[in-house]
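Colleague: Sequence:
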Amino acid sequence: MFKIHILLTAMNFGSKSFQPRPPDKGSFPLDHFGECKRFKEKFMRCLRENSSENASCRKESKEYLECRMERQLMAQEPLEKLGFGDLIDGKSETKTKF
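For the sequence shown, the numbering used here begins at 20 and goes up steadily by one.
Calculated directly from the structure, the hints in this document are not laboratory data.
There could be a bad hint or two in this list.
Okay, derived cross-link-like pairs now, DSS-like style, lysine-lysine, Cα gap no bigger than 27 Å in a straight line [what the hints assert, rightly or not]:
1. LYS61 with LYS81
2. LYS81 with LYS59
3. LYS78 with LYS100
4. LYS59 with LYS100
5. LYS61 with LYS78
6. LYS56 with LYS81
7. LYS81 with LYS100
8. LYS78 with LYS56
9. LYS100 with LYS61
10. LYS56 with LYS100
11. LYS59 with LYS78
Distance windows between CB atoms, simulated [stated by the list, open to error]:
12. SER36 with ARG57: 41 to 51 Å
13. ASP105 with ARG57: 22 to 32 Å
14. ASP108 with GLN38: 23 to 33 Å
Beta carbons: idealized from backbone N, C-alpha and C, even for Gly.
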(Lines of atoms letter the chains of each structure in order from A and count residues from 1; the text may use other names and numbers.)
(Lines give C-alpha, C1' and ligand atoms only; values in the text may rest on other atoms or scores of the structure.)
Protein backbone atom coordinates (compact mmCIF):
# COMPACT_ATOMS: atom_id res chain seq x y z
CA MET A 1 0.00 0.00 0.00
CA PHE A 2 2.90 2.37 0.76
CA LYS A 3 4.31 1.86 -2.76
CA ILE A 4 0.97 2.76 -4.33
CA HIS A 5 0.80 6.02 -2.35
CA ILE A 6 4.34 6.99 -3.44
CA LEU A 7 3.54 6.15 -7.05
CA LEU A 8 0.33 8.25 -7.04
CA THR A 9 2.12 11.15 -5.35
CA ALA A 10 4.94 11.05 -7.89
CA MET A 11 2.44 11.12 -10.75
CA ASN A 12 0.85 14.32 -9.40
CA PHE A 13 4.12 16.25 -9.41
CA GLY A 14 4.33 16.14 -13.18
CA SER A 15 0.79 17.40 -13.76
CA LYS A 16 -0.17 21.05 -14.07
CA SER A 17 -1.17 22.67 -10.86
CA PHE A 18 -4.60 24.19 -10.46
CA GLN A 19 -4.57 27.96 -11.02
CA PRO A 20 -7.57 29.56 -9.29
CA ARG A 21 -9.11 32.63 -10.87
CA PRO A 22 -11.69 35.03 -9.46
CA PRO A 23 -15.32 34.68 -10.52
CA ASP A 24 -16.52 36.83 -13.41
CA LYS A 25 -18.57 39.12 -11.18
CA GLY A 26 -16.25 38.85 -8.17
CA SER A 27 -17.00 40.09 -4.71
CA PHE A 28 -17.69 43.69 -3.87
CA PRO A 29 -16.97 45.85 -0.80
CA LEU A 30 -19.33 45.86 2.13
CA ASP A 31 -21.26 49.03 2.82
CA HIS A 32 -19.33 49.83 6.04
CA PHE A 33 -20.68 53.38 6.27
CA GLY A 34 -24.30 52.48 5.55
CA GLU A 35 -24.43 54.64 2.44
CA CYS A 36 -27.07 52.39 0.86
CA LYS A 37 -28.67 51.11 4.06
CA ARG A 38 -31.97 52.88 3.39
CA PHE A 39 -32.26 51.19 -0.03
CA LYS A 40 -31.27 47.80 1.38
CA GLU A 41 -33.86 48.04 4.16
CA LYS A 42 -36.56 49.10 1.69
CA PHE A 43 -35.70 46.07 -0.49
CA MET A 44 -35.67 43.68 2.50
CA ARG A 45 -39.02 45.05 3.75
CA CYS A 46 -40.49 44.50 0.28
CA LEU A 47 -39.26 40.89 0.30
CA ARG A 48 -40.81 40.27 3.74
CA GLU A 49 -44.12 41.79 2.66
CA ASN A 50 -44.18 39.71 -0.53
CA SER A 51 -43.23 36.29 0.90
CA SER A 52 -39.67 36.60 -0.52
CA GLU A 53 -41.04 36.90 -4.07
CA ASN A 54 -38.21 38.96 -5.57
CA ALA A 55 -40.12 39.66 -8.82
CA SER A 56 -42.43 41.88 -6.75
CA CYS A 57 -39.43 43.92 -5.53
CA ARG A 58 -37.57 44.65 -8.76
CA LYS A 59 -37.91 48.44 -8.38
CA GLU A 60 -36.39 48.32 -4.90
CA SER A 61 -33.65 45.97 -6.09
CA LYS A 62 -32.80 48.32 -8.97
CA GLU A 63 -32.62 51.32 -6.62
CA TYR A 64 -30.34 49.44 -4.24
CA LEU A 65 -27.95 48.40 -7.01
CA GLU A 66 -27.94 51.92 -8.44
CA CYS A 67 -26.96 53.26 -5.01
CA ARG A 68 -24.11 50.74 -4.77
CA MET A 69 -22.83 51.62 -8.25
CA GLU A 70 -23.02 55.37 -7.62
CA ARG A 71 -20.89 54.98 -4.48
CA GLN A 72 -18.36 52.59 -6.08
CA LEU A 73 -19.50 49.70 -3.86
CA MET A 74 -19.83 47.58 -6.97
CA ALA A 75 -18.73 47.80 -10.59
CA GLN A 76 -20.76 49.98 -12.93
CA GLU A 77 -23.02 47.82 -15.09
CA PRO A 78 -25.72 48.87 -17.54
CA LEU A 79 -29.13 48.33 -15.96
CA GLU A 80 -30.19 46.39 -19.03
CA LYS A 81 -27.40 43.90 -18.37
CA LEU A 82 -28.62 43.50 -14.79
CA GLY A 83 -32.13 42.70 -16.02
CA PHE A 84 -33.76 46.08 -15.35
CA GLY A 85 -34.14 47.34 -18.91
CA ASP A 86 -37.91 47.56 -18.53
CA LEU A 87 -37.61 49.76 -15.42
CA ILE A 88 -35.42 52.47 -16.93
CA ASP A 89 -36.88 56.01 -17.05
CA GLY A 90 -39.76 55.06 -14.80
CA LYS A 91 -41.17 52.46 -17.20
CA SER A 92 -42.41 49.47 -15.28
CA GLU A 93 -43.62 46.18 -16.62
CA THR A 94 -46.38 44.93 -14.36
CA LYS A 95 -46.27 41.22 -13.71
CA THR A 96 -49.53 39.34 -13.33
CA LYS A 97 -49.67 37.11 -10.26
CA PHE A 98 -51.36 33.73 -10.62
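Colleague: Against this structure, judge whether each hint is valid.
Modeller: Taking the hints in turn, this is what the structure says about them:
no.	hint	verdict
1	LYS61 with LYS81	11 Å, holds
2	LYS81 with LYS59	10 Å, holds
3	LYS78 with LYS100	15 Å, holds
4	LYS59 with LYS100	21 Å, holds
5	LYS61 with LYS78	10 Å, holds
6	LYS56 with LYS81	14 Å, holds
7	LYS81 with LYS100	12 Å, holds
8	LYS78 with LYS56	16 Å, holds
9	LYS100 with LYS61	23 Å, holds
10	LYS56 with LYS100	24 Å, holds
11	LYS59 with LYS78	12 Å, holds
12	SER36 with ARG57: 41 to 51 Å	46 Å, holds
13	ASP105 with ARG57: 22 to 32 Å	24 Å, holds
14	ASP108 with GLN38: 23 to 33 Å	44 Å, violated
Hint check: a violation occurs at hint 14 only; the rest are consistent with the structure.
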